[in-house]
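**Q** Sequence:
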Amino acid sequence: MWRWPVAQAAWEEEIWSCLWCHAATHVGGEWFKICRPPYLPVEMRWEKAVADGLAAGVSHAFGIFDKTLCGIQKVGMSPSDHWWLPERENACGACREAAVVIDDRWPQSMRGEDARVSVARRL
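If you're matching positions, the sequence shown starts at 0 in numbering that gives the first Met the number 0 and goes up one per residue.
Bear in mind the hints are in silico, worked out from the structure with no lab data behind them.
Heads up, some of the hints might be wrong.
What the hints assert, rightly or not - Below, in silico cross-link-like pairs of lysine to any residue (SDA-like), each with a Cα-Cα straight-line distance of 20 angstroms or less:
hint	residue 1	residue 2
1	LYS66	SER77
2	LYS47	PRO106
3	LYS73	GLU86
4	LYS66	TRP82
5	LYS73	ALA55
6	LYS73	GLU46
7	LYS66	SER108
8	LYS66	MET109
9	LYS47	GLU12
10	LYS47	ASP102
11	LYS73	GLY92
12	LYS73	VAL100
13	LYS47	HIS21
Said to hold, decoys possible - Quick list of the computed label-pair ranges, beta carbon to beta carbon:
hint	residue 1	residue 2	range
14	VAL26	GLY92	33 to 39 angstroms
15	PRO40	GLY75	25 to 31 angstroms
16	ASP51	GLU12	30 to 36 angstroms
17	GLU86	GLU11	35 to 41 angstroms
The C-beta atom is built at its ideal place from N, Cα and C for all residues, glycine as well.
Put together the whole structure using the sequences plus the hints.
**A** Printed below as a string of structure tokens:
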């Protein structure tokens with residue numbers, strides 16, 4: 000797991016991401032919750048990566064580890080406000096392959112509407 004850097008708050012919350020399937024798990028917060036977001040299909044899971052130095056005309060998926068799914072890391076890289084669409088002609092082939100592998104790792108039993116994992120308790 001990889002821990003996201005999160006600013007300190009009155010109710011500490013941590014965000015951890017699985018290095019294998021890229022699912023993010025939120026732990027803590029006001030109600031001390033543990034939750035995993037619901038499954039999203041490949042075309043709705045990643046935003047397009049934006050950074051100086053990325054090749055023009057190629058669309059890369061912004062991964063959760065501050066780099067593209069194909070492994071490119073640039074200073075100041077961030078997700079855009081737009082989805083990364085793997086079916087587009089200009090989509091990076093290596094990002095597309097990584098997205099398919101990651102999607103295959105998401106358990107089939109956790110893909111339904113009611114499959115969200117969430118546990119909360121009052122402190």
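**Q** Hint by hint, say whether it matches the structure.
**A** Going down the list of hints, with the structure as the test:
| no. | hint | result |
| --- | --- | --- |
| 1 | LYS66 - SER77 | 8 angstroms, holds |
| 2 | LYS47 - PRO106 | 25 angstroms, violated |
| 3 | LYS73 - GLU86 | 24 angstroms, violated |
| 4 | LYS66 - TRP82 | 16 angstroms, holds |
| 5 | LYS73 - ALA55 | 14 angstroms, holds |
| 6 | LYS73 - GLU46 | 16 angstroms, holds |
| 7 | LYS66 - SER108 | 29 angstroms, violated |
| 8 | LYS66 - MET109 | 26 angstroms, violated |
| 9 | LYS47 - GLU12 | 26 angstroms, violated |
| 10 | LYS47 - ASP102 | 17 angstroms, holds |
| 11 | LYS73 - GLY92 | 19 angstroms, holds |
| 12 | LYS73 - VAL100 | 23 angstroms, violated |
| 13 | LYS47 - HIS21 | 16 angstroms, holds |
| 14 | VAL26 - GLY92: 33 to 39 angstroms | 35 angstroms, holds |
| 15 | PRO40 - GLY75: 25 to 31 angstroms | 29 angstroms, holds |
| 16 | ASP51 - GLU12: 30 to 36 angstroms | 31 angstroms, holds |
| 17 | GLU86 - GLU11: 35 to 41 angstroms | 40 angstroms, holds |
Violation of the numbered hints given earlier is confined to hints 2, 3, 7, 8, 9 and 12; the remaining hints are satisfied by the structure.
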